[in-house]
Amino acid sequence: MPEPSPKDWEALSAYLDGQLLPRERARLEARLADDPALRQALAELRALRAALRHLPPPRVPRNFTLRPEMVAPTPWWAGWWRWATALTALLLALVVLADWGLGRTLKMAAAPPEMAPAPTPSVEALAPAPREEQALGMAAAEGQATASEAPQGAKTRPNTPTPMPTPTPEPVGGRSPARAAPVSPWRVMEGVLLGVLLALLVGRRWLGRR
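Residues 6 to 215 in the working numbering are what the sequence shown lists, from first letter to last.
Read the hints as simulated data drawn from the structure, not as lab findings.
Among the clues, some could well be false.
[What the hints assert, rightly or not] Using C-beta positions, here's what the derived DEER-type ranges look like: (1) 66 to 94: 42 to 52 Å; (2) 67 to 7: 26 to 36 Å; (3) 197 to 110: 19 to 29 Å; (4) 69 to 44: 39 to 49 Å; (5) 65 to 45: 28 to 38 Å.
Predicted model, so just to flag it, every value in this text is computed and none were measured.
Yeah, the Cβ is synthetic: ideal placement off N, Cα and C, and Gly gets one too.
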């Protein structure tokens, strides 16, 4: 006795559900009258359907219906908190830009102006005049004659050594001690605004978890 094929099982299921056309239904009933295996399969399918109908409905593991107490209304401070956070971030950005622009302007104003190079004297201006050359030559000749007439036994006066200047000790590192630069008020404002912004962000995250 051949067993029903998968198509036969589909036809039997559609037969029980009343989904077959009249022609298909008549053809299947004719096969059921001649095929005991097909009749047994139809009986098993009917028993399975009856057993499934008597089973209790499956229990839902969780009720997804939201209760009114589960949907908490938005607190009144949520909108103000968002606006305060956005305003603080905007002020911080403006202060940083103002500090950067002002510092750049002050650096450009404090830079020393470029000095124009001094004019280089020409070679003709540096060359001595002919009369000056003659006067210098006569003065040099008279000096040599005077030196030759001086007594040989005369002692030359010793040259007094010129005292050397005492070097001033330099600090370690070769840099002179400088005073601490005053704290810029822009930096103070940046720190305060940054702290407020972080506090707002952390507070909003903490309150959102409650």
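Against the structure, the hints come out as follows:
1. Taking 42 to 52 Å as the suggested C-beta distance range, the pair residue 66 and residue 94 conforms, at roughly 44 Å.
2. Restraint check, residue 67 to residue 7: a C-beta distance of roughly 48 Å breaks the suggested window 26 to 36 Å.
3. With their beta carbons about 23 Å apart, residue 197 and residue 110 fall inside the hinted range of 19 to 29 Å.
4. For residue 69 paired with residue 44, a C-beta distance near 45 Å keeps the hint of 39 to 49 Å intact.
5. Between residue 65 and residue 45 the beta carbons are some 37 Å apart, a value that agrees with the proposed interval 28 to 38 Å.
Checked against the numbered hints listed earlier, the structure breaks hint 2 alone; every other hint is satisfied.
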